[in-house]
Every structure is written in structure tokens, then in C-alpha cells.
Amino acid sequence: MLGVCYYPEHWDESRWRTDARRMRELGISFVRIGEFAWSRLEPSRGTFTFEWLDRAIDVLHEAGLKVVLGTPTATPPKWLVDECPDIIPYDEQGRPRGFGSRRHYTFSSETWWKESARIVEIVAKRYGTHPGIVGWQTDNEYGCHDTTLSWGPEDLKSFKRWLRLRYQSTDQLNEAWGSVFWSMELASFDDVALPNLTVTEPNPATRLDFWRFHSDQVAAYDQMQCEIIRKHSPGRWITHNFMGFVSDFDHFKVGDNLDLASWDSYPIGFVEKFPFTEDERTRWAETSHPDIAPYHHDLYRAVGKGRFWVMEQQPGPVNWAPWNPVPKPGMVRLWTWEALAHGADVVSYFRWRQAPFAQEQMHAGLNLPGLDEWSPGGKEAMQVSEELAVLGALPETSQAPVALVFDYQSYWSTMIQPQGKDFRYEELCFRWYEALRHLGLNVDFVRPSASLEGYPLVVVPCMTEVTEAAQVALDKANGVVVIGARTGSRDRNFRIPENLPPGPLGTLTGNRVIQVSSMRPRLSDGVSGAVSGHAIRWREYVETSASVLATFDNGDPALTEKDNVLYLACWADAGLLAEVLELATKKAGVATLRVPDFIRIRRRGDLVFAFNYGTEDYTLPEGAVPVLGEMVLKPQAIAAWRG
Amino acid sequence: MLGVCYYPEHWDESRWRTDARRMRELGISFVRIGEFAWSRLEPSRGTFTFEWLDRAIDVLHEAGLKVVLGTPTATPPKWLVDECPDIIPYDEQGRPRGFGSRRHYTFSSETWWKESARIVEIVAKRYGTHPGIVGWQTDNEYGCHDTTLSWGPEDLKSFKRWLRLRYQSTDQLNEAWGSVFWSMELASFDDVALPNLTVTEPNPATRLDFWRFHSDQVAAYDQMQCEIIRKHSPGRWITHNFMGFVSDFDHFKVGDNLDLASWDSYPIGFVEKFPFTEDERTRWAETSHPDIAPYHHDLYRAVGKGRFWVMEQQPGPVNWAPWNPVPKPGMVRLWTWEALAHGADVVSYFRWRQAPFAQEQMHAGLNLPGLDEWSPGGKEAMQVSEELAVLGALPETSQAPVALVFDYQSYWSTMIQPQGKDFRYEELCFRWYEALRHLGLNVDFVRPSASLEGYPLVVVPCMTEVTEAAQVALDKANGVVVIGARTGSRDRNFRIPENLPPGPLGTLTGNRVIQVSSMRPRLSDGVSGAVSGHAIRWREYVETSASVLATFDNGDPALTEKDNVLYLACWADAGLLAEVLELATKKAGVATLRVPDFIRIRRRGDLVFAFNYGTEDYTLPEGAVPVLGEMVLKPQAIAAWRG
Amino acid sequence: MLGVCYYPEHWDESRWRTDARRMRELGISFVRIGEFAWSRLEPSRGTFTFEWLDRAIDVLHEAGLKVVLGTPTATPPKWLVDECPDIIPYDEQGRPRGFGSRRHYTFSSETWWKESARIVEIVAKRYGTHPGIVGWQTDNEYGCHDTTLSWGPEDLKSFKRWLRLRYQSTDQLNEAWGSVFWSMELASFDDVALPNLTVTEPNPATRLDFWRFHSDQVAAYDQMQCEIIRKHSPGRWITHNFMGFVSDFDHFKVGDNLDLASWDSYPIGFVEKFPFTEDERTRWAETSHPDIAPYHHDLYRAVGKGRFWVMEQQPGPVNWAPWNPVPKPGMVRLWTWEALAHGADVVSYFRWRQAPFAQEQMHAGLNLPGLDEWSPGGKEAMQVSEELAVLGALPETSQAPVALVFDYQSYWSTMIQPQGKDFRYEELCFRWYEALRHLGLNVDFVRPSASLEGYPLVVVPCMTEVTEAAQVALDKANGVVVIGARTGSRDRNFRIPENLPPGPLGTLTGNRVIQVSSMRPRLSDGVSGAVSGHAIRWREYVETSASVLATFDNGDPALTEKDNVLYLACWADAGLLAEVLELATKKAGVATLRVPDFIRIRRRGDLVFAFNYGTEDYTLPEGAVPVLGEMVLKPQAIAAWRG
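Residue numbers (the UniProt record's numbering), protein chains in the order written: chain A, 1 to 643; chain B, 1 to 643; chain C, 1 to 643.
No lab work stands behind these hints, which were simulated from the structure alone.
Incorrect hints may appear among the rest.
Pairs count within a copy or across copies, as identical chains cannot be separated in the list.
Computed cross-link-like contacts, EDC-like style, restricted to lysine to aspartate or glutamate with a CA-CA straight-line distance of at most 16 Å [as the list claims (entries may be wrong)]: (1) Lys-273 to Asp-597; (2) Lys-231 to Asp-556; (3) Lys-328 to Asp-556; (4) Lys-125 to Glu-92; (5) Lys-125 to Glu-227; (6) Lys-634 to Asp-191; (7) Lys-160 to Glu-426; (8) Lys-328 to Asp-525; (9) Lys-114 to Asp-190; (10) Lys-160 to Asp-563; (11) Lys-160 to Asp-617; (12) Lys-231 to Glu-83; (13) Lys-586 to Glu-115; (14) Lys-562 to Glu-622; (15) Lys-253 to Asp-86; (16) Lys-421 to Asp-91; (17) Lys-421 to Asp-279; (18) Lys-562 to Asp-190; (19) Lys-328 to Asp-553; (20) Lys-421 to Asp-556.
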């Protein structure tokens, strides 16, 4: 189904009915509103002006639209910031981050929690049982613009409290952090200092705790909002719209609060943000890389425990990337269908109409700036809407043959201590995902502690700390398991495990890592044997009791196998990675369909979809009988068949 | 005529007479002095030590030199900074900018205005009617070192005052800025915050107002100095020495205060500062790009309403660029003649003698460091002086066949919201200028509201806001008008016009821009038709009722024509730009003379000059009879003939 | 002999005896301890817990190990920082640099001197006469992490004091600095401001004084520690472990306090820090460039007046460079032998055992993380130990045929005023050193004022200020002297000399530099004559009364000769530099042995060593009879023979 993000407060009230009518014409079912409207709801403390929102919701509801209401906490108004300056966040350089855009609050501020609870309660009470309201969105894009971590006095205060709870005594904290190194020992929790602006790098264990602390705060803050909403709005679901490639907090933990996950899909902007090569950036500039959106769909399906929306779908060029090209014709339609193929319940476009003012005036909408006139993206949405009507209800998403274990803490840990400056956890996971999708496979993301049973193939690109729960899950995994480098390289206190990496997985893998090499660009190490290619960026020196399937140039183990567990002791280049994962699929008995690098296949139930991101035609597999599209898949076209 | 910048306070008084005599020997007529001497004129508050300057002016005057006296406000002395810390500027990072170099004041400080008025009045009274004083320079290089904008408490105070005057009520301000977006609404002018250090980008309308506010302050501050000088120094002219490529304030508005404009010409340093390609930077490292100085000559001729000087002419290597090569032999002479060819009244070298101390000790002078001995540049100045004597008075500059509409606000607007990170207004104008000069054309710069009548060809590379005055001027233009992309894309409040871009020019051009694409390097879009080449960086999607002269690859309009108005819907690469402008000259009936890319032609009255920036010879056009130079123009040579 | 850095406080006391025993098994003679242990020695003010250190020293001593004790001042504990916040340093951006790593103090703080004296005295008294203690290390790596210069209130206070002593009156200061320029004159020493955060560049003379001031403070601070130690620890020597490529203070002046110098050798990390080309960085990533360690050995042999140690030798991959590859097998052995060949008394590995916690957990040790098990580097150390036992005592190091005059102030001066942004003093010296070593030569570093008698060849790559002492030394030099560009280009007050550069060497060289050109990459100037190649980066225009051996393309002098003095008027590319230095060796009658660029030769007394950094074999010179290694030197192998 389709939805749209709408800002009645941006337009004269006289236009609302027309807007609602045209939404229906476009086949829109859901409308998200309200998430930035605090200054219009409470223009000064205690003065409430909800009447306009009452009327707006009524207009939408009367038009047959279902409303998703956002809590307005992403944009505290000026009067509140002036009254309570302790809500202001600080950047890592120690500077307060000013009013004048959005997300100008720190999760550490008790005042902020109090004020958030107050406004959420007021909104939830007023609209909680309105028949037009079907669901809620908490806040907006937690963590966007580097707003998870904050480095101010409120943060230090809260961090000390968090540490006191975690460690109970400074002896335990000093032991955990190895404070004896460089005389960093603390005599009291009051001695704790922020881990920024130090002369050289701060203690990595402190930094990891600082990151965990902030991540915990995001989840708890979200939970606070959810509890208030649930109390006052029975029978409605709650979501949050996550932002892609924001990994500063554990999205799974926030997901635990929610009924469903949603995320904001800006496939083209992400091409500039993700560490692609310049060749890739140029090649995919006007379509996005074919795994950018799917990667997130699969991730947020996991975060939402099977249910997710795209809350904001790019409907044309946006405003916030270094360059913002117009997507190729067909891409808005393609992205929409792709989200549905990956299991999205709803794809909701951002935004209804391009705003001719303020920060996002260059962000396309379904309508031209300020006008009641379809934009090119609006016309593609119309096409999807018509196709959806023809195709009917989509089948349920079923479990994929491959599980990819994704772990936010591994991102933090490798950011804190990359050891080689191009070791990036997100890129590593993305490359493994990409290689699997070249084989035509559906992929499920799973969190580290989740059960892996039933998956013929499990991949763990990197999991720095192997918790007890994660170890149990891996022990019980009955499929083939492929484990990547740096897994088990740290214990819970960010120390190297006593038995050396992979620590708790030493027995499972049969391996012990005695040293590691990080390699600058243009350095590599050849790998040959059952698979071949090159190690780049990272290579481990492993002692093993397992079978050696492939070796580095000097004869050391590169890929080992013990029972159902493969261990890959390096960052593999594209060729090596493809061979390793193909080998694993064979061992796992998983059927594959190798596709060109510009084609992607995705199954939803018995429907198979194909997507063409390239510049050449692609002929669908023999036997496919398209229920959508044609046998010859043109550039930017999609097709679907039963299979 | 020739001039020189001289610092008597840098040298023992016993050397002044020799200096003055040798200036005359070199053919110098004008000497600029005094602009950094505050601490020598008033070593502590109220203690004045003007006697040395009295004597210095007398020595120069007695030697037959005409003195241009600078007000010393660019360098407030330490005692003043300590006494009045509120004059200190702040950088965009929120840090005060310390004493110890120059321009350490903010235009927002009321204290600073009072102190400036005080010292200017004292100086103007003392020397206003001295027979040796022929003119004045206000301050020095406004805006240099990023000193137009300042981000401190005084700036916020003045900005609020400026906004109150502009908007009268916060309702109007909120409406203008679109403050409803992200709950940015303000209840009082006291709520206004500086648009820096926000979490993500601040409101672009606020930023534009902040820029306008600072630009207005520069003009008003200059006007204050001019009024004081005029009161006490009747019959003398006033100028200011502008710095090239400093576009943070509207130079035309400062020019309105002045009798003539002047600028500081450092052609080689600018090669490193301007966004040239690395190939261009290397090629032109020792001569400068052949349009760098001319572009500014033509700009400041406009700022000076027809009259301009080069107040500081680079006489050899300088000190402030990343690399500072020695100019090729002949270049100092070439630059001097070139300035005269573009209409300069006087070319004044900076500086008389290289200072062997302080920040600019690596900056060449006409004399070697500390010595009474000509530098290589000094010897070239001598040659110009002799040639000038032979050639006699130069004819008056006449109106050019081409007007280039130049608009400072468009620079601010595209800096604030580039949308594609290589969209640079100054580079765009420069490339259009360069292409016109490849056709051997004289170019006049004009400001947006100026009359365009009498120009066979008018080019508007980009003018984001089309004011009513600008619209009237374009409507009345009777030549061919070429309008570039983004013109009319914002209204006065930095909003997208209600009728979509080009807004007020919709009727004139017959166009409506429905979306735009910014393209990363290596992306481009082919253009073909009456002209051909490629769009790079920027491309617009245009609906048109005009004739389509050329289209993009997908058939959309790229170049349209309605009556006398062409509209180019992209950033054109060099080939496309050359074809568009050549086509326009043909339509306009403007005669052209295509020259190699290292040759430039410039007419002053009936004198035609040619300049060779290259490494190969160039033969002058048939029929030319050189009155200066030879028929075969050697590298770094110049020639002139009547024609 | 071999040593090791050990941290008993990092390990349970039960492991100390085993550690000591295994050190002896490895052939370790010396153990450095204690330098980061303040918080374990004085956990709160006045509470001392030295007993554990007493026992640790006893254990080591009883095992026959000689202990070098470090003063713990590099890591002031948290209670001290909280009690005395005035010890905190400030970065150039004006921000305090926080607790949480190391070196968080400024040398300008009087409080810090008092606290340092207190703890040093307590430690020196307690252990000064312990029979296990044979020597002392002051502090740790002065200047590392940019900690020489600090920009806080304490620094300004101390700087004023230093200036008052140097200049006596502000008149003299104003004259020296050329403060008249830009009205920077000061009326009182209280007017002095820090030379940071100015609007444009601060006065270079001020900056140089600020650098000298801090350099002086480091030397005086070290002297204060040394005096306390000498008082309480008779008969023990004192050293400091300098850090490579930290040139912010004059190491020779600190060396004057010491009995021997030592330095911390991390050859692979430095490959990423030094301005090598990307090709060089890739080529030498896993071995280091073959001159990185030798350059420092020769420098610190000079700083130690003939005696030096490697206090910290990289024993495997480290943690602090952007990439940290595992060294090629054999490199730990090679580096150890190389240090000995260059005259090191002791090579001490950092560290005994890899710490599985805190900032340096990815830094290899001789033992695997947390374990009693040799790492790969530990095994190579074992091999050296056995070879040393076979070879017996090494001969004394004798004077080299070439002296390279190295001058820290020239680094500061060219950093302050590079004029061309790739003019880097350290790189220049390094390239001259590299070229000399390609000729198989031993090189001695000497400080500017040192006697040059007895050296057949003296090279002065650049010496911006030629002091009277340096001039006398050069006048008296009886070998061939090669002087590079920018020498004598500044007087003691950072002014251009009155007779123009090379100032005091005008007569000696016969030259006068009238202007200079700094050239961007890809610009160059041909040189031909007795030598040929290209000038890059820097070229001088010289008037000369000397013989001209080679000229630039335009015929100007490039290499001149007057008696025994050659002057090279440019930054020479590799080809030109090689020819100039080869010509100089011929003139000097110095025998050379040209080696491939991956081979290095070094003599220690009658022992000749060869080292292979490459990937190909090298056959030793005819007549060599290896006492270590083989005639065919394999990659990463070493050999030694008598000759």
C-alpha cells in the first residue's frame, strides 16, 4: 500500500480538502503528519493551539485516509530551548549545537525527558482515540546528523550514573578499562571525564561504554514515548522512522519497543554518503547502487520483527547530498515495487508537495513546488498505484535461505579502533550482502543473539564481541556458518580475549589469531586453494586445528573449515568473497541464480521480482511468466512472476 | 600613469628624500601612504604623533609626487583592542579572532564605528587641505581574510536591529523565512539566533539575510568614512582598494560612495585561489590565467562608474599563496599595460621596497629588500614608464559591445544552497567572460538594475533573484540577451517563485523549470541542435513555449529562444559555452575575432592592444600597424595599434 | 646488547619471576620500567604505595637484570589534574586538552614544575642508590602528540616572561619583530598576545620566538629533572627517549643534559607519517624505507654526543598508524642489527608482552597478548641474541666521512613561513641523507655550531639562520662544503639579512640571492652543466662572484663553487641531488660504493654491515668474507664482514 508525508501547517487551510482528495486519487491510504509541528501546537509554554491539527486530521479522516501521527520532539521550539538550555547537545569538539534546524537536544538531559513526556502525553491524550489515527511515529530519525552522541555537561552527568550502575565500584571499572595503563585510574565515579579532546586517543573501552550508554539512552527514551502513547491510544501501533546508515545506536533495541519498524529511503543520496569507489558513485549516480535500498529493507524487516514500512520514499531529486541528480525515469516506480518485494507493508512518499521555502525547498515532492500539479515522481507513484490495484494483495514474506548476523556494537568497536583506517564494518556487511544478492538470494538480517536454526546458510561478516547468547546461537546453528575476521576479537570490556581471538569461538572454529596486519590500499595478499583471490585491508595470522581450505601466499591458513563452520581470515576482495560465498552455498545446498551486477531478484512468497538498475536489457529466467512487466526487462524496468 | 604604495614609517627618515627622488626617476606620479599606521599616529589613546607623517607628506609633495592618504582603520592598535574588546570579530566556529595581524574588527560594533569616525576625522582634518593630498583611500581591502561576516555577540545584536527594520513584525519574518518548517518560529526579534553551529543546515533565508546585513554594514561603514573625509577635504576624490575574488559584500554599493574604484591586482596568487583545474594552475602558474586581471579590471571599472585604478600591482613574487613563483620576465610590464588597456587611470605598484621584516617579507617590491636597488619588477616598471612617455595620453574607454550582468547576491545564494557542490557563481561568470574574450570582445560588467540599452549583446550567467529593477532592465534590453540557469530561481525571501523559476522572467523567456539535476564530476548530458556539447554540473528540466534551439539527449529543451532572449538550461562545458556565445554574437551582429587561448585583445578608444600569455609567437591581425611592440607578438610581449 | 620495556603494574605479581627468568633466557640485559606508573605510586596526594615497585625492582635485580627507571611525569594522575587545572595544555585552536591519555601538561605551568620536582625527588630518593638501578629515563617522548607547544593562559604568562628576558624593552622587541608593520606595536610586555587565532597569519618573528620559548622550556624542564636525579642517584646515567620526527624542540639542547640519548624506533609507523609519495609508502609498507631508522640512529648518536640507545624497538605490528601491517619476516632482526651497526649501545624492545587492554592493545610485544609465549618478533629477538653471543663485542663507532648539519630552528622557520607549501625541512634533510647513503657512505649528524674539522665532506641542506658560531664552524671547515638553498636567509630576528641571503655566508659562497620562486608540483626548471637534472619546489635567483658549475635553463647560476664551498640554489630532484653529492664526494676525495636503492651499507669500526630491504638478492662486494650472514644477501637478510 502507499502512503505520504504531509504538512498541513505548511499550506493554507483552504487547500487541505483538495490535497486530501488528490491523495485518494493517487491511491494513497496512509498520511503521516505532525512530527515537526511543536511551535504550532504550543507557541509558548502552556499555550496550546491544537485546533488546526484537529481540523486537519478531520479533513484527512473524512477523505478516507488513515493518519499516522508523529510526536513533535525532533524540533523543540525556541522558547523551550531558551527556557531550558540544558537540553542542548554538544558536538565532539565541545561546542554547543545551536537552535535553528532540528534534533537540537541531548538524550542525556533529564529536563528534556520531562518536557518530552509532557508534550507526548498531551498529544497522545488529545488524539489517542481519534478514529482517524491508526498509528504513531515516535520523534523523527533518531541519530540523524550525528545526534546520538553528545559531549556536554549533561552527558557527563548521565554517563557517570550509567557507569555506576554498570560497574558498581571504581575498582571494577578500573579493571575493566585497564586504567592502570597510562595512570588513568579513577578513585571515584566523579573522576570520570568525557572521552573527547584528549591529547592522544582516549581509552577505547571508555569510548565503547560511552557509545553503549548513548545507545541505551535512545532506546529508553523511545520506550518512554511508547509507554505514554500506549496508555492513551489503545489499539494503535507505534513505529519509528529510522535513517539509513545511522548506526550510532542499536536499532534492534529501539525496535523492541515498536510494533513495526520503518525507515527513510533516499537511495540516491546514500550513494554519496556510503564509501563507494568513485567509479561506483558515477555509475550508480542516477539509480542508486542496486543493494542500497534492499540492504535497508532487509535490515528493518528484522528490526521490525518481520513488519516494516518505508516511511519516507525519495520521489525525485533531494537536497542534502553533495550532488542531487534527478533519478532516471522509472526509478521511483522501481524503488516502490522493490520495497514491496522485500516485504514492506506500506511505501510512504516524502513528501506530498515540494515546499518552496526553508531548508528542504530543493527536495522533490509528489507535487511541484507549492502547486497542485504532479511532479515526475508523482506520476510514477500513480503508475504503481494502478499496478497494485491490478495485482491484488501480495503474499506473505517467508524466511530467507541466508541469515546475515548484523551487530551494531561491531560498528562502534571498529570505529573506535579501526587499526586499519579503511576497516569499516558497514561496508564489510554491505559487500557480503551484495555478493549474496549476486547469487540471486533472499537474505534475512538477524541480531547476534537471535536463533539461527532453520537457516541453511548463516554469515557473520564480523562480530567483535561474541556474547554468551551469540555463542549459543552459533553453536546451535544447523546450517553452514561463515565467520569473518575480527569476530570474537574483544571481550565485553573491549579487551583481547584471554585465549586470543576468536575468543569464545576458538573451539567452534578451531582457530587462534596470533597477530593481524592492516594493509594500505594497493597492498594485498594472494589467496589460493578451494577459493582464490586476494586479501585486502585486513589479514590475520591464524593457528588452526581445522581443515585448511585455502592459504595465503606464505602458506598460512586463509579459509578454514571445522564441521559446519568456515572461518575467513581476511577482508576479501570482490573475487575472493564471491568464491567463498558460492562455496558456502554449495556446502549448504542452497540453490542460487547468478545475475548480472545490475540485476536483482527478490522473492516475496510465491512472487519473484526482478529489477533492472542498469543500461542494458535482461531476459527473465526461462519459464518465468510475468504477471507484471515483460520477459525482456528494460533498463529501470521491473517484472514479477509466480515461481 | 603610474603610482606606488609606500610606507615611510618602515624606513629611517634619512632615506625618504632618496626614495622620493628615485620614485620620480621611475616616472611615478602617485604615492599611497598611511593606511596601516595607526599605532604610529596614536601610540596610546589621545597621544598623537603626526609630525613624522607631516614631514613624510612634505617630502613627497616637494618632490612633485601626489599623495593618496589611507585611513588607518584596517589595523586598530593593541591599546584600542584591549580597551574595547567588543570590536573583535568572531569566526563561523564561534571563536574570537585575535589581535596580531589586521582587519581584527567587526562592522557590527558600535564602539568600532565611533572609534573609526574619531580617527578618520582627526586624520581628515589634519591633512584634508594639504596641497600634496589629491585623494583618499578608505580603510584597506574590506572583506579580505573572510572579514565581512562575523559571528559574535555584537553581530547578533546588530542583526536583530537590521531584521526589525526589514520585517517590522515577527509574523512577517516567520512568513518570509518559512519558519513553520521544523518549528523554527520566533515570537520576538530577541529570539533570533546566529545561523551558525546548528545541528544540520540553518535556514537558507536566514543565512541570506545575515549576508545581506553584513554587506549593508560594509557599505554604510564606508559611507560614514567618506562623509567625514568629504567634510574636511574638499576637492579630493575618494576610493577604496577592493580585493579580487572577495564577494562577501556588494562592491557596487560601496562603489556608490566613491569617486573612483580601485583594486589590488595579484594575478599569480589568484591562480591558486580560484577553482581552476590542476592543468590550468600549472599552465598559468608563472603568468596567471589571461583573464584573471582583465576580469577584475572590467568589474571594477563598473564599480567605479567608469573610473578605476589598480591600487596595488604585483611587481614580482608574493608571499601569501600556497606557491609563489617568480612571474615570467615581461609579465609585470604586461600586467601594467593590460590594466591601462582596460581603462585604468593609474597603475600603482605594491610596494616601493620589499620589507625585510614581518608578515610580508617575501612580497617583492620595486626595490630589493631593504635596498635602494631596482628589483626585476622595478626594471619592468621603468620600461613601462618610458613607453608611456613615448605613447602619450591614452584615449578614453568606450562602451563595450557586450554587457555581463554581475550580481553579488547570486554568489551568496548559491554558496548558501549550492545543491551541487561544484556550482560556483564566480566560476560560472568567469567562464562566460573567458569564452567572450576568446572571441576578441570587450566586455562591460553591469549591476543587475543597470540599464542594458545600447548593448547589442547582454549575458546573464545566473541571477538567482530577479528584482523588479532587474526585470525592467531586461525587458527594456534591445540587444540579444542570453540568460543562464538558476536565474529567477528565488524570490526576495529566498523562496522558489510561485510560478516556478525563472519566476519574473517566465514570460520573457517562455520557460518554466519543473526540476533540476546537479551532476557529480564525470556525469554529463549531451546537448545537440543549433549548438552542441555537454551539460555538466547542472541541468534543468524546462517546459517551454519558446523555440527550442538545442535539446538534451532525452529531447528536453536545452537552449530556447523567445524574441531576443536565449535561455541556457544548464552549466555548459567549454565547447557548448563557446558555441552558445558565438551563436549569440551572430544573432546580435557583434563582430568577433577568435584568438588562441593564450592571446587577449582589448580596445581602449581607437587603440587596440594585444597580450601574449603563452609560450608561442602570435602574429597580429593583418593591417595592424604597431605603435607599441612588433607584428610578431613574442611570449609575454604586448603590442598596440590604432584600429 | 638487548633490553626490554616492562610494566610490572600491568600483570599480577605472581607472574613477575617467570617474566624475569624468560627475559634472561632471551638474552635481555636491561629493563626499563615505571614511566607511566604515577597513579600506582601515589594514588592520592601524599599517599604513597611504592612497595609493589620495590618488589618488582628486587625481582628483576635478583634475576640479574639491570633496571632503567623512568620518572612518571608523562602521565599526571586524575587527582592532580583536578587539583591543579593550570597544568593542562591548550591546543592551537584554544581548547584545553583533556585528561584520559598522556602528556596532558604544559611546560609553561609553574605548578607543574613544582609537582614534577616533587615526584621526581621522591622517586629518585627512594631508588637512587638501589643496586639494581643503573640508569634513568626522564619523562617519556617529550613533544609527542604535538605537546611541545601549548596555547593557554599559562603559556602566555611564561612567554611574556621569556620575552622580557630576551628583549629587555618593548622598543627592542618592536624593532626585532618589525611591529611597525600593520600597527602591531606593543607598549608593554603585558600587551603580548598568543600568535594563534589571528585574522590572517601572525607575525613570523613572534611565531619563531614562541617556538624557541617552548623549546627552551623543554630543555630547562628536563634539566630540572636531571639535577634532582643526579643529586640522589650518584653514578647512574640519565637518558630521555626521544620520538622520531618530533622536531618541535631542539633535541641537541635536551641532549646536553643527558649522559646518553635514546629514541623510540617505529620504522613502519613512520612510513605513513613522513611525506613519502604513495608509491614509496606502498613499496616500503612492510619493511619501512631503508633510511628511516638509520637517519634517526645517526641523529641521536649526535644528540647523545656519541652514545645512544634504541629505547623502544618495534617488535611487530603497532597500533597508531593509519595502517599497521605485520613487518616482513626478518625485519625485527634486521632493525636490531642495523641499530647496532649505527652505534647503538643497547636495543630495547617495546614491549615485553602485548597488553590485552587499553589504548595500545594492538601493539605487538615480544610475547603474545597476555601470554607467556613468544610472538614472531620475540623469536627474531632470540635469534639476534644468539648471534650477538657468537659475534662478541662490537668495535667502537668512528667518525664518518660526511657531516650533515642539522638544525631544528630551520624546521620551525620553514614551517612558519614555507613560502612554497611543500618546502619541508625534514624531508629535505632526509633526501640528502638518502642520496648520501645510496653512495654507501656513513653519515654523522652535527649541530650548527659544532666543529666541522676533520670531515672531508660537509653538507648543509638548509640553515635559515647562520649564527656566529655556525659561521665560524663553516669558515674553519677544511673539507668540501655543500650548502643548500635558503641558508642564511634570515637573521636572528627572522628578518631578511641586510646584505640579502645567504647573509653571513655571502663572502664564503660569493653569492647574493635577489629573489626566490616556489614552484607547485609539475613545475620545474632544468639544470645543466657539471651536473644535470631539475629544480623542483624552490629556485633562487642568484648573483654570484663564484664559479658557476651548472645553470638553470635561463642561464642563471644553479650550482656555484668558491674555493671549497658549493652552493646549490634550488630544491633538487632525485637525479640532480645524486649528481651534486657525487660530484662533491669526488671533489672531497671520499670513496663511495653505489648500492641499489634497497640495500644499505654501514660501517662500525672495522665491521661492515649490509642490509637488504628489497625483494631481490644482492651479492656482497668482492672480497667480503661474512662473519654474519652469507655472500648472497637475501631479502630482509643482513650480513657483516671485516673491512
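- Message: For a quick check of understanding: which of the numbered hints are violated here, in increasing order?
- Response: Hints 1, 2, 4, 6, 7, 9, 10, 11, 12, 13, 14, 15, 16, 17, 18, 20 not satisfied by this model.
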